[in-house]
Each structure stands twice: as C-alpha cells, then as structure tokens.
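Number of protein chains: 2
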Amino acid sequence: MNCHRSLSFVRRLHNIHARKLLYSDYGEPSQVVKLVEEKLAAPQNNQIVVEMQGAPINPADINTVQGVYPIKPALPSVPGNEGVGKVLSVGDDVKNLAVGDIVVPLELGLGTWRTHGVFNASNWMKVPNQLGLAEAATLLTNPPTAYRMLKDFVSLKPGDVVIQNGANSACGQYVIQLCKAWNLVSVNVVRNRPNIDELRDSLSKLGATHVLTEEELRSTSLFKSGELKAPKLALNCVGGQSGMEILRKLEPKGVHVTYGGMSRQPVTAPTSALIFKDYQLRGYWMSRWSKENATNPERAKMFAEITDLMLKGAVKAPAHKFVPFKDYEVPLKKTLDMKGFSGNKFIFTFGDNVS
Amino acid sequence: MNCHRSLSFVRRLHNIHARKLLYSDYGEPSQVVKLVEEKLAAPQNNQIVVEMQGAPINPADINTVQGVYPIKPALPSVPGNEGVGKVLSVGDDVKNLAVGDIVVPLELGLGTWRTHGVFNASNWMKVPNQLGLAEAATLLTNPPTAYRMLKDFVSLKPGDVVIQNGANSACGQYVIQLCKAWNLVSVNVVRNRPNIDELRDSLSKLGATHVLTEEELRSTSLFKSGELKAPKLALNCVGGQSGMEILRKLEPKGVHVTYGGMSRQPVTAPTSALIFKDYQLRGYWMSRWSKENATNPERAKMFAEITDLMLKGAVKAPAHKFVPFKDYEVPLKKTLDMKGFSGNKFIFTFGDNVS
Numbered sequence: 001m002n003c004h005r006s007l008s009f010v011r012r013l014h015n016i017h018a019r020k021l022l023y024s025d026y027g028e029p030s031q032v033v034k035l036v037e038e039k040l041a042a043p044q045n046n047q048i049v050v051e052m053q054g055a056p057i058n059p060a061d062i063n064t065v066q067g068v069y070p071i072k073p074a075l076p077s078v079p080g081n082e083g084v085g086k087v088l089s090v091g092d093d094v095k096n097l098a099v100g101d102i103v104v105p106l107e108l109g110l111g112t113w114r115t116h117g118v119f120n121a122s123n124w125m126k127v128p129n130q131l132g133l134a135e136a137a138t139l140l141t142n143p144p145t146a147y148r149m150l151k152d153f154v155s156l157k158p159g160d161v162v163i164q165n166g167a168n169s170a171c172g173q174y175v176i177q178l179c180k181a182w183n184l185v186s187v188n189v190v191r192n193r194p195n196i197d198e199l200r201d202s203l204s205k206l207g208a209t210h211v212l213t214e215e216e217l218r219s220t221s222l223f224k225s226g227e228l229k230a231p232k233l234a235l236n237c238v239g240g241q242s243g244m245e246i247l248r249k250l251e252p253k254g255v256h257v258t259y260g261g262m263s264r265q266p267v268t269a270p271t272s273a274l275i276f277k278d279y280q281l282r283g284y285w286m287s288r289w290s291k292e293n294a295t296n297p298e299r300a301k302m303f304a305e306i307t308d309l310m311l312k313g314a315v316k317a318p319a320h321k322f323v324p325f326k327d328y329e330v331p332l333k334k335t336l337d338m339k340g341f342s343g344n345k346f347i348f349t350f351g352d353n354v355s
Numbered sequence: 001m002n003c004h005r006s007l008s009f010v011r012r013l014h015n016i017h018a019r020k021l022l023y024s025d026y027g028e029p030s031q032v033v034k035l036v037e038e039k040l041a042a043p044q045n046n047q048i049v050v051e052m053q054g055a056p057i058n059p060a061d062i063n064t065v066q067g068v069y070p071i072k073p074a075l076p077s078v079p080g081n082e083g084v085g086k087v088l089s090v091g092d093d094v095k096n097l098a099v100g101d102i103v104v105p106l107e108l109g110l111g112t113w114r115t116h117g118v119f120n121a122s123n124w125m126k127v128p129n130q131l132g133l134a135e136a137a138t139l140l141t142n143p144p145t146a147y148r149m150l151k152d153f154v155s156l157k158p159g160d161v162v163i164q165n166g167a168n169s170a171c172g173q174y175v176i177q178l179c180k181a182w183n184l185v186s187v188n189v190v191r192n193r194p195n196i197d198e199l200r201d202s203l204s205k206l207g208a209t210h211v212l213t214e215e216e217l218r219s220t221s222l223f224k225s226g227e228l229k230a231p232k233l234a235l236n237c238v239g240g241q242s243g244m245e246i247l248r249k250l251e252p253k254g255v256h257v258t259y260g261g262m263s264r265q266p267v268t269a270p271t272s273a274l275i276f277k278d279y280q281l282r283g284y285w286m287s288r289w290s291k292e293n294a295t296n297p298e299r300a301k302m303f304a305e306i307t308d309l310m311l312k313g314a315v316k317a318p319a320h321k322f323v324p325f326k327d328y329e330v331p332l333k334k335t336l337d338m339k340g341f342s343g344n345k346f347i348f349t350f351g352d353n354v355s
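Chains A and B supply the protein sequences, listed in that same order. Residue 50 in UniProt numbering sits at position 50 of the first sequence; the count goes up by one each step and never skips. Residue 194 in UniProt numbering sits at position 194 of the second sequence; the count goes up by one each step and never skips.
In isolation and in its complexed conformation, chain A is listed as follows (with noise of 0.2 Å):
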C-alpha cells in the first residue's frame, strides 16, 4: 500500500512543473537570477516534498544574492529565506511531519523561491492550517525577533515601558502588537513625513500607546510629568541622533537593543549614561538566537504562542503586496527602492504553479 502510494506519487512527481530561482554568481538580482525548470525526486527517508504557497521578498535576501549579507551561501543557490508551503510527500522515516500539512522553514537558507522543492524534513516546522499566508510567509524572523527582543534583555510586566524608533518597520509593527497582547505601554517614534496622521492612527489602531516623532520626542514631557514611567527596554532599528534619544529615556539600568541601522550612523552613547546610569547597549540577529537554540524547546513554545496570537487576530502582518512567481523580476527591482521600511513586502503566491 505505502509502496503503491508512492508509486503513484512519483508518476505524479512527474507531471508537477517545478521551478525555481537560481543565481550562480554574486550581484544585482535582476541581472544574476534566472527561473529554472527541475525534475523533483521523490523524498527520501526524512525528506519532504513541499509546495510552495507564498515566500516574501525580504531586503536581506536581496542583499545575499548582492553578496554583501554577512551569510554568504555556496552557489549555486536558490534565494529566498521565508516561506510556507504544504506537504506534497514525505519519505519512510518523517515522524514530525504529514501529507496536507502547512510547514515553515525553520532554517534560513533553505531557498525558498521556489514552486517545489525536496527538503528535510527536520528544517520545517508544521504551524495551523488556518493561519494567513501572508502571516505564515512571514512567520520565521520578524514576528520572533519582536518576540525575544521583548522576552531577552530586560525582565517586563503589564504595564512596563517600551520605547522604539522606526515603530512602522515591519519589527516595529510586530511589537507594537505583541505590547498591546501582554499589556506593555509602547511608546513608538518615526520620522516625521507629510501622512503622518495618517501613520500614527494606522499604528495606533495596531495597539501603539504612543505615537510620536523624532521632533516630538524631543521636547515631549510624557516623561518628566510623570505621565509615563521611564523606560526599561529601547529598540534601535535607526542608530545615530534617533538611537541616542531613545537610550536617554530608559530607566537606570535600561538595556537598549540595536537590530537594525536604517541611518547608517553609527550607534552612539553618552559616555556618561554608561557609567553613571548603567545602560547596557546590547544588538539582537534573529539568525543567531535560531542557530543557539536549534534544539531549544523554547522555540516551538514562541512560535505557538505566536501563531495563536495570529490565530485570534491578536497580531497581523504588516502591509503587503501578493505577486504572482511568474511576475519574479517586479519585487527583485523594487525591493531596495522602498525607502526605509515604509514600503509594503512583496510575497511571492504560487497558485498556478501545479499544471
């Protein structure tokens, strides 16, 4: 019976028109990236057999295949770091793993600009059927960078202070959801812009508790009134002049985590706030804590605590556009021209991918 079922699965195999994206030299995505047919194999032992249903174009996946990534696969190497597909096959020794499942990439790297692709089956994680798919795409770094970065450094409870600047990055959006599920006050800046209005209700209705720009941080008294308590924890995904301010508010011993650079200046402290205030000045890289904690359970624990959240609307993607693969060469242009991170993702659909 298993045997005959795989029988027919290979003949079936053999008629799905799998392809992929695939650069063999380091450079411009436009210039570097072909689409390539492939014969799929059948899954072998703990192997899977996956179809893609959405992946998402991410800025540091256009910066791997640039070559200018601090990860640096072998090539060549098909693109593409998150993803969700559902399981077409599985080989004799999967346990974790069955047929009609909805699976995640644990793993970064695994290239997930693809219609189909043979994978371990250890590298994916089944998450609920009825999760979006713009949020199970999404599901492997955004939503847990926001989730340790708020659970790591500094110990919170209801009604502890978080601050943050570039508050509408997609990171930005998932603290802010994720302050408002566990009853933190976020106070969230961004950059003043002529929509700002229009920025600040959007992330309000997110949950923001505060909403300010770079000016109004500035010569806000939420703090000194006694409006606010200080902060503990200060997120920096901006550095120079608007990752100082957001350091000079936290509480003695506040910790202020960098994960992203959007300026490009260089992250900076007041010699002073170091030795008389004892902040600690910490970064965070998704990719290092999910390398350190492979086999850690806490990982299924995050992931389920987050896809429950999803689940009872409690926490979305941002913004988004769907394009269809076919379409590949319109995100792989556009990607690095959103500026900053006010542009939508796109995320790759594969609907019509199975002839």
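All the given hints hold, so there is nothing to weed out.
Note that identical chains are pooled: a pair holds if it fits in a single copy or bridges any two copies.
Below 25 Å or equal to it, Euclidean Cα-Cα: the simulated DSS-like pairs (lysine-lysine) are: (1) LYS86 <-> LYS39; (2) LYS249 <-> LYS291; (3) LYS277 <-> LYS72; (4) LYS72 <-> LYS253.
To be clear, the hints were calculated from the coordinates, so they are not data collected in a lab.
We have chain A; now place chain B onto it with these hints.
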C-alpha cells in the same frame, strides 16, 4: 579601668590640634575650601576617632567641590573621599576595630581631608599595618574598579586577552598588574607622546604584555597573525575613536566596559558589530557597586585579595607625590591641570598633626 582610660583620652583629645578643610558653597576649590579648626568630641557608642595618615586628591574630589559631579553632598561638607588613618579611640559598642588599627573608609563622602575625625566604625575597614601609605590611601576606588571590571563582565581564564585604552591611567595601571597576577594577557593602548619609549618601558615593567599607541593598534598584525587571541574584554576610559578601535578587536560576544571619557567624545559602536558580533557595551561606576554591595561578603574578600597582592609587591600604587596637609592649596589648584591621567597623584600627609 575603662572609665579611667576614657577620661584620660578625653583630656588627650583636648590637646589634639584638629583641623579640617570645609566648603560651604560649590565652586572653585581654591576659592571655596577653607581650613578650619575643630574640637574633637569623645567617640560615642559605635564611633571611632581616626587620625588621618594619608588622603589623595582625586579629580572627582575637585569636581565634587565644583558641584559638577553626580554626587552632591549636603553643605557645608569636608571634601576628600579616600584615605587611610589610625584608630585613636573607640566607642563602647565598637566590635570590628580597636585602638591602633590602620583603617580606610568604605564609603565615599566621609570627608578625609582632615587631620582627625569622629566616624561610624561601620564605615571603616581595617587594613594590614604593613600596607604602604600610598596603597592604603588610594585603596577605595581604583584597585577595586580594576578588580571588578576584570571579574564581573566576562569569565576570564589564564591566557585570555584583555584590551584597554588609557592604559597609563591610575586604574589602567591596576588593570595591568592584576592581569599579570592572574596570568591574563593585557593589550595596553596609550596615546603617542614624545617620551613614548619611557612610558612603554614603565608599563612593561608593571606587567603589560603589549603596549601599543593608538596608531599602532590600527595597523598591528598581532591579532590577524594569530599571535594573540581576540580579547574577551575591552576597558575604555577614553571614548570616541579610541573606544571604537578597542571594540573592533573583541571576539564575538565580547564586552566593552566604559569607566571614563578622557576624550570627551561619546562611546560609538558600528551597528553591524552590535547585531552580527553580539558585542555588549556596558559601563562601570565603582560608587554604584559599593553602594549595592555594602553588605556583600564579596567586598571584604576583594579587598583582602588586593591588599594581599600589595603586600607581596605584585600590585603597587601608581606614581604619586606626597604633600603636607598644611600646603593643601597646591594640589587644589594643580590636580585638574594634570592633563589626562599622566600626572602624578597628590596625596596629603599628616605627619605634623598631633601637637
């Protein structure tokens, strides 16, 4: 008998020509600090009478009188934080000290620039009688700062590497000596200067493994060649470019501790170093540690270890100049003129006090 001794001591107290420095307004020490005489009271309960033997003049003492230090004593106040003295008399409840003990203050702000004082016994610690005058008089701040910075941020084992700038500062010299005593490798960065060879020689004699100028640090192949492991700990009392250069040498997850800011430039770190190398930027202030660990047995253990190293000759006080207390106006004017940390520290002596 006890009563008889007390009465005789009260008579002796009346013959002591006790003097102290005092300021009633914040301002330039040479303007606001006055020498005044006082009558000593007999020690009550847990009090002791201390006859001072030595008390240094630190930049922080001058800044405190100026009112520009984070610690602002109630006025009028006797300046001076460190020192060493001999117990002349003890109150009936004093258990930890006896007449004739050599003692150092355990708290800042007791006011050590005086010939004699009546103090709470709990604020003083007995030290070995054989301890050198300069070592004892300056025991409270710099030796434990070096000790704690080497102990509290990373776990160092023999052969591990520590890098520091401002290596010829008072604290830097203790770092060098403790590294030597604990078999740690010290990389010591100093500014270039006309007498650089003399300085290099003097730090090497103290136990410095390597002495480099700021320029040499930028071009050294010591780390690239594998001759030296990457440091786990960087100690920064300069800030700005120098603080960043020692940060760059750290191994991943290395810790950078700021305890001074000689350059008056803020502490700066590349965003990528925080994110991808997981460096930590921390600060250290001895006063905070002392306050938080007033009842921690670790404090007595630390001072015992330090004084033991001093008695063995493995750790000694940096260069200093003794100045009789009656000439107090000289160091008040000169201490802040001594550029950086290169000048000798002044230490008051009180040899001519008891009439």
